[in-house]
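Participant: These are the residues of each chain, in order.
Number of protein chains: 2
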Amino acid sequence: MADNYTFKKSMALFDRAAKVMPGGIYGHESPAILVPGRYPYYVAKAQGSHFWDVDGNKYIDWMCAYGPILLGYGNQEIEKAVQKQRKKAICTSMPADMMVDLAEAMVETVDGMDWAVFAKNGNDATTWAIRVAREHTGRKKILKAKGGYHGVHAWCSAHGGVIDEDHAHIHNFEFNDVESIKYYIDKYPGQIAGIISSPYHHPTFADSQDPHPAFWSRVRDLCDKEGIILIVDDVRAGFRLNIHGSHAHYGFTPDLVCFSKALGHGYPISSCTGREFLRPAAGNVFFTGSFWYNADAYAAALAGLEIMKRDNSIEYMNKIGNMLKDGLYKAAADWGLKIRMSGPPSIPYMIFDNENDFRRMQLFCGECSEHGVFLHPHHNWFVSTAHTEEDVAYTLDVAHQAFKVVKDTFGG
Amino acid sequence: MADNYTFKKSMALFDRAAKVMPGGIYGHESPAILVPGRYPYYVAKAQGSHFWDVDGNKYIDWMCAYGPILLGYGNQEIEKAVQKQRKKAICTSMPADMMVDLAEAMVETVDGMDWAVFAKNGNDATTWAIRVAREHTGRKKILKAKGGYHGVHAWCSAHGGVIDEDHAHIHNFEFNDVESIKYYIDKYPGQIAGIISSPYHHPTFADSQDPHPAFWSRVRDLCDKEGIILIVDDVRAGFRLNIHGSHAHYGFTPDLVCFSKALGHGYPISSCTGREFLRPAAGNVFFTGSFWYNADAYAAALAGLEIMKRDNSIEYMNKIGNMLKDGLYKAAADWGLKIRMSGPPSIPYMIFDNENDFRRMQLFCGECSEHGVFLHPHHNWFVSTAHTEEDVAYTLDVAHQAFKVVKDTFGG
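Those protein sequences? They're chains A and B, same order as listed. Residue numbers for the first sequence follow the working numbering, beginning at 6 and rising by one. Residue numbers for the second sequence follow the working numbering, beginning at 6 and rising by one.
If several chains are the same, the list does not tell them apart, and a pair holds so long as it fits within one copy or across any two.
Think about it this way: if two alpha-carbon atoms lie no more than 27 Å apart in a straight line, the pair counts; the simulated DSS-like pairs of lysine-lysine are:
| id | residue 1 | residue 2 |
| --- | --- | --- |
| 1 | Lys50 | Lys92 |
| 2 | Lys89 | Lys50 |
| 3 | Lys92 | Lys13 |
| 4 | Lys14 | Lys92 |
| 5 | Lys330 | Lys409 |
| 6 | Lys89 | Lys13 |
| 7 | Lys85 | Lys50 |
| 8 | Lys24 | Lys13 |
| 9 | Lys412 | Lys63 |
| 10 | Lys63 | Lys330 |
| 11 | Lys89 | Lys63 |
| 12 | Lys14 | Lys89 |
| 13 | Lys24 | Lys314 |
| 14 | Lys63 | Lys92 |
| 15 | Lys24 | Lys50 |
| 16 | Lys314 | Lys85 |
Derived by calculation from the structure, the hints in this document are not laboratory data. Quick caveat, the model's predicted, so the values are computed rather than measured.
Just need the whole structure built from these sequences, with the hints factored in.
Facilitator: Here is the structure:
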């Protein structure tokens, strides 16, 4: 088992960073909200299921860059496809022809969708989607699931510099509670433009929730009845539940579906796909950015769709994810600890049953980190096809020891 | 001179695209708003100052992908730096160490700025900047120059799905008119959080305007007096006027400066740099995205800063831009046509003096396109260091003939 991990170079680099960047590292990769002092800070190299930090420490990476890496770091087929396109053109004054190929592939791949547009960030797509809903309906109000994450734009974020007007027509329903949606429909009759939600609920700092069996069909019925646009934010879960979109996994058809992360296999791309009746509204909401036509990301996405279909990636990730989940339950139980694992096998979320402040999770993840396993204390993890049964076995060995430390420290 | 350009494959591909994308091509690269039928639609290859469309037509490209390409397509030094980093890591679970190097380089390069953050789109940076201004001041209102472009987000766009609340606290002053700024300061005392503007005014569909000699110093004084955050959107002009930021060219120091486009040389990146006193507010406004820590773009940006400094790229682009400008004036005059060229030499904007509907510009650009010169009918153009004196000479030959067609068609 890997041991003697130190973070001297990480810390020195972070000290430099703190001088020239607010907080040293900002955003979701900020160590201040993770496991300070026992965690990798900067990546020097990544390959397959592993990365190495600047101190030379090696980790099995169960975060996969927070989702984009579904086929492993440096996947040779993806790199080859990107390299081929790079020799032709990347960022150009008109789009590369491959944009059309990719749009066709998206329409063919994603259940029930008739067109696609591409951007860079997941948030580009989710924000544009609510504007398409507003454009089509002429209504203002958007319902989102409480705790749901759709990006950092002011309408879906509460973190700094937000003004009342940003949230004036955003209302939070409870995921899985159709009555909480009806409440707003009754309160604001004819005023709801759209409902946006992830396909299953994956709030940060809390258990993931599968949709109840009838939830989505009831929401779909409500939207049809009330003329509300149903938007699925599949940025996080897309291509890890069902290659045809997570809505196919749960058996319903939204009006707009947003993708990013695993669509590009590390290359920046997002997409919004939509149904035919929304094409005019979609054409009316101006959507553009300097790098949105970059062909390297199109090449990666196109190759990725083919590889994921050919290899049945989801079946494999489910197998690995289930091995990890079952093993963690068992390893915790060996020390009399109770944990909860929620979410799909390919996107697991773990927490201690008696945890309410994440101190156990931070200790657990710190122990794992110092022995070569990278896990996140309060965000779901991600499985890739590069993770092997040996990676799971190694992870479980490390986790077993880490659970012991949690037991010794907290007593249970 | 190149001739016999046809667009058969372009049209066939566009027909396919129209089935699977709203409008076939959306956003700023939509041919519907450019020169339909006589214009390249899709890029097959790009190298140096040229690109080839899917019909095999070759063009001298004076748009440079709308700005990002400052060192030419496929610049070997940039590609080498990117390739080196790609072999290590691109998109990872923690940032690459190169993020720190780039932040240090930005702080060293950009006049008066103490920290930097990175994102993907220019609009990521401009929207975040106004939130930092709101966070710091606790005020709501933002003044922007009328006609100024800061991206497609609802606060700075009027194109589809925008609701009143998006613009409730956004007010438009007239660029170069300090009184129009004072008007809002008097009307909303103590309520203005920030003023955002490009360093010189480059509205689409209109002449560029240099700032009057005293404009920025007077705006700076007003901001200091009123506690207003001064934000420069240098996304379009950055690194084409002054390597230290366009504010250095005009001799003033803003509080926040946003970059993108030429920062990444085709690789997706944007940045907001800021002054020390804004560091706490910057740390409070959560800013993140799946691909914001991608190291290939950091590598491109870092290499690019070094190359641009070493080669004094701006001096060369000014020379080429001035040759182009002088030559176009002369070529138009040969047919008795009057044109206006505005903006800096490296970012020229051309229009016919007696034009009010862009039909002359569309004809002119269509003629140029069919003879191998790619120009835009209503958006400024961009010069790169890959453009040669031969490119200018060729362009002027083509333009000369195109002016004749304008003369023959419109009589003047």
